[in-house]
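**Student:** The primary structure of each chain is shown beneath.
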Amino acid sequence: MGFSNFFAFVKKESLHIIRDTRTMLIVMCIPILLMVLFGFAISTEVNNVNVAVVAPNRTDGVEEAVDKMARNNYFSFIGYIDNSEIDKYLRSGKVGAVVVFDKDFDRYLAHSLNGIPVKPIIQIIVDASNVNTAGSATLYLQNVLLDKASQQMLFETRLLFNPQMKSAYNFVPGIMGLVFILVCAMMTSVSIVREKEVGTMEVLLVSPVRPFKIIFAKMIPYFLISCIVLILILLLARYLLDVPMSGGVGGIFLLSLLYLVLSLSLGLLISTIAETQVAALLISAMVMMMPILMLSGMLFPIENLPTFFQVVSNIVPARWYIDAIRKMMIQGLSLLDVWKNCLILAGMTLMLIVVSLKKFNDKLE
Amino acid sequence: MEAIVIDNLSKSYGKVKALDNVSFSVRNGELFGLIGPDGAGKTTLFRLLTTLLTPDSGSAKVAGWDVVDDYLAIRSCVGYMPGTFSLYQDLTVEENLNFFAALFGASVRDSYELVEPIYKQIEPFKNRRAGKLSGGMKQKLALSCALIHRPKVLFLDEPTTGVDAVSRSEFWSMLADLKQRGITILVSTPYMDEASLCDRIALCNEGRLLGLDSPHQLVASFQSPLWAIRAKNMYALLEVARRFEGVTECYPFGEFHHLVVTDAFDAEKFARQMNRCDDFVMCEAHPTIEDLFIKLMKR
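Which chain is which? The protein sequence lines are A and B, in order.
Going letter by letter, the first sequence gives residues 1 to 365 in the working numbering.
Going letter by letter, the second sequence gives residues 366 to 664 in the working numbering.
Any given hint might turn out to be false.
With a straight-line cut-off of 30 Å between C-alpha atoms, the simulated DSSO-like cross-links for lysine-lysine are [unchecked claim]:
1. B:K426 - A:K358
2. A:K196 - B:K491
3. A:K213 - A:K359
4. A:K94 - A:K68
5. A:K358 - A:K340
6. A:K196 - B:K382
Example chain A residues on the side facing chain B (calculated, C-beta under 7 Å, incomplete) [to be verified]:
7. A8
8. L15
9. G199
10. E202
11. V206
12. S207
13. P208
14. K363
Sample of chain B residues lacking proximity to chain A, with all beta carbon distances greater than 10 Å (derived) [claimed, not checked]:
15. S388
16. G423
17. D435
18. L479
19. Q486
20. K491
21. E535
22. Q582
23. V605
24. G611
25. E620
26. D631
27. N640
28. V646
29. T653
Worth flagging that the hints you see were computed from the coordinates, not collected in a lab.
Cβ atoms here follow ideal geometry from the backbone N, Cα and C, with glycine treated the same way.
Construct the complete structure from the given sequences, taking the supplied hints into account.
**Tutor:** Structure below.
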């Protein structure tokens, strides 16, 4: 088969995709939807927490601390309240946190700065109905309020890379790991199985063209679509969600390309197992998505999993991809620093391709 | 030379024997019909010959190539039209034809003269999606696509099933045309009336061959006397006729019942007795392929 014939295959496959506008739309919208959903709606980050302050003596030190907090984007200072109103304000949801200053705040602060041990001088009362938000708010509030005093504290906590604990940073790599499996594996497997189901595979097989060429040609348009989706996700991540990408966009892109190829090979493998489009869909949606959601570190840290699942998670490709992307996007590592992940992903890709080509049958049985 | 040689071919799906020791051959340039009801093993035979399935035992050659050892060679020199419409419904008529030409590394221009008589009938709709064509037009497009690489042997699996009567006869005249151009055609059909349009036919049922010859010869081999009978109450007539002395077989056949009898059958006595039925009609009938098929099947 010459190049022009190969092109005819790619063209035919592209026509299938273009004419199926609904699927096309879904493929393009799912990533955007997920990004927006996880980036904004499903969020554990501290954003616009209303804070009230109880201060028996509004001294300079108190005002300075409150001022600093009020200027911060993540907190809205709604005013001073009385000690007796704390419960009412928290219960009604008017505030997410209340900061109570000691009546001798200034004096104790000075003691603390001079190295004299003191009792706690600020109390933070937080609405912990949302555990995640409460935790992050407390931490961040402490950082803001005790900036000066912290010089004297025995423990100093600093949150590196993601000091505001933005959840987008956490979710973007996860979404990427999920979306490419969805787009590549699901779409390629369904499109190959469709040929089996409709009967066109029969005609394709009774021709001089070898099946792996047919399939290779099939992968190209899906690969291109995935590249567009990849660029879309990276743009959204950078400009909408402000993910830093400190490790270099080039490296992230390259690693993602490898992951795309891996997902396509996974789709190929599914297509050799599934006999109907519904089966292909179910396998890619259920069998692939569950491990990615649960075992890839996207939602739950791998370290928190039971040992058995920690071992199992090693064979989930998304785990290695998400881990590497996280390191590159947020920690600022380069592609070379995550060579181990790259190597594992490349090995998995190779294995998938070999197994599926072996399994691929150019007969009907 | 023989275009297709089949030697003791067998194929089972689990416990079901789809094809049971079938042997026959098709001559070069012949229009050969495979006649049999659903489940006769026609599709299995096509898939074995087009190398989509591997036989359990026996062997077969297509265009001189073995279906197991040389299956790749066979795949590039045959044209295959499966029983279900197997073109891309979301591609246009023209895109389908171009794609199948490319599949075989052929160009539409080089082979156009071969497919022209068929393709020109659907050319006015060349920008229409294949899924939106009528049944007859779909078959014409599928045939064009199967021919675009100038195959030596053409396999057509029930090409006229589900197609209207006019399109069916058009389709058969196209096949006669292709035969003139030297293409060997193996065609299967469940319609007995199409059998007479073939050079030779093989009657098959439940994976076995019941008979093989030219339609004319096959019909001539039906030696028993045959009568056609009709009455107002057809069901009662069937029951009574079956019990009559000398009647080997009585079965519905169009508007009549066909009565297969032995020499011991007394037609006059039968007519006298049956005259009691309302509107009784009885006449001698010429056997058809269908009569032969039923006879062979019962044996």
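**Student:** Given the hinted pair A:K213 and A:K359, is their alpha-carbon gap at most 30 Å?
**Tutor:** This hinted pair holds, its Cα atoms lying about 15 Å apart.
**Student:** Close enough to count: is the Cβ of A:K363 nearer than 7 Å to one in chain B?
**Tutor:** holds (6 Å)
**Student:** Please work out if A:K196 and B:K491 have their alpha carbons no farther apart than 30 Å.
**Tutor:** OK: A:K196 and B:K491 at ~26 Å, within 30 Å.
**Student:** Mind verifying the non-interface call on B:N640? Its CB should be farther than 10 Å from each CB in chain A.
**Tutor:** holds (55 Å)
**Student:** Using Cβ atoms and 10 Å as the threshold, tell me whether B:K491 really stays out of contact range of chain A.
**Tutor:** holds (15 Å)
**Student:** Sort out whether B:K382 lies within 30 Å of A:K196, counting only the CA atoms.
**Tutor:** At roughly 24 Å apart (the allowed maximum being 30 Å), B:K382 and A:K196 satisfy the hint.
**Student:** Would you settle whether the hint for A:G199 is holds or violated, based on the nearest Cβ-Cβ distance to chain B being less than 7 Å?
**Tutor:** At about 4 Å, which falls below the 7 Å cut-off, the nearest Cβ of chain B leaves the hint on A:G199 intact, so it holds.
**Student:** Find the nearest Cβ of chain A to the Cβ of B:Q582 and say whether that gap is larger than 10 Å.
**Tutor:** holds (32 Å)
**Student:** Examine each Cβ of chain A, and state whether all of them lie more than 10 Å from the Cβ of B:G423.
**Tutor:** Consistent with the label, B:G423 stays out of reach of chain A, its closest Cβ about 16 Å off (over 10 Å).
**Student:** For B:E535, is the shortest CB-to-CB distance to chain A above 10 Å, so the non-interface label stands?
**Tutor:** holds (22 Å)
**Student:** Is the Cβ of B:G611 farther than 10 Å from every Cβ of chain A?
**Tutor:** holds (49 Å)
**Student:** Does A:E202 pass the interface hint, meaning its C-beta sits closer than 7 Å to a C-beta of chain B?
**Tutor:** At 5 Å from the nearest chain B Cβ, A:E202 passes the 7 Å test, so the hint holds.
When each numbered hint is compared with the structure, no violation occurs for any of them.
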